[in-house]
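Residue numbers (my numbering), protein chains in the order written: chain X, 1 to 124; chain A, 1001 to 1124.
Derived by calculation from the structure, the hints in this document are not laboratory data.
Do not take every clue at face value.
[To be verified] Covered, in the sense of this in silico footprint (three residues per stretch, anywhere, with C-beta under 8 Å from a C-beta of chain X), are these stretches of chain A: (1) 1020–1032; (2) 1067–1075.
[Claimed, not checked] Heads up, incomplete: computed chain X residues facing chain A, CB under 8 Å, no partners named: (3) L17; (4) L24; (5) E33; (6) W42; (7) N44; (8) M50; (9) E82; (10) Y84; (11) D86; (12) F112; (13) R114.
We put the beta carbon where it would ideally sit given N, CA and C, even for glycine.
Protein chains: 2
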Amino acid sequence: MPTGVRIDVSPEQIEALTYNLEGLIPAIAQDHETRDVLMMAWMNAESLRMTFDQGRMVYWSRSRQELWRKGDTSGDRQFVREAYFDCDADTLLFLVEQEGDGACHTGARSCFFRQFGTDAVETV
Amino acid sequence: MPTGVRIDVSPEQIEALTYNLEGLIPAIAQDHETRDVLMMAWMNAESLRMTFDQGRMVYWSRSRQELWRKGDTSGDRQFVREAYFDCDADTLLFLVEQEGDGACHTGARSCFFRQFGTDAVETV
């Protein structure tokens, strides 16, 4: 059974991150085993706090304008293993254990299932 | 010597992506060998077109408000190997060959070199 990791992060650390004008920060979810990039979605400070507390990925749904605890509806939960932030402190990276079929609402394992180009040409 | 791949993408495909109000779309760069996520930055339609044409990552610098062909100053170029877009067509993923020291202006290989938490606790 999948498990998540609760991560102790101070409110100050969460506040110190750089959010956009809507109070959001992009969060990349990467499969901790296959290392496939599964999806990118957005968090606000509250969903980030919940993510750290619960060891499960909680996003902010921009389309529904509400907290979105991944998998509550679909069953395809994401359990947190490790969490990083970048040099500008404006993007997050989570290594996750993906439960169920996958991260994507289409049923695909990764949301990045469509590839550009079919006639790639080697260049220098 | 690193090489990039030129990818044939029609102007219609580039226009069909979803850009934000500033005309930008997030682009994740992942090392094609180590599969580490190196960085996330932004592209506009023009920089994306250049990226596909030249086989090198070209971003839009939000701070400088100009095209930013990664590595022209630092020497740490990123050569494109594969390119994907997600289910919502509002995020891009590139598998790249990272030249030189790394992707980060700090000298780190990945921009995500800082990890949250030191007292991670297993939970269910």
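Original post:
Out of the numbered hints, which ones does the structure contradict?
Top reply: The structure breaks hints 2, 3, 4, 5, 6, 7, 8; every other hint is satisfied.
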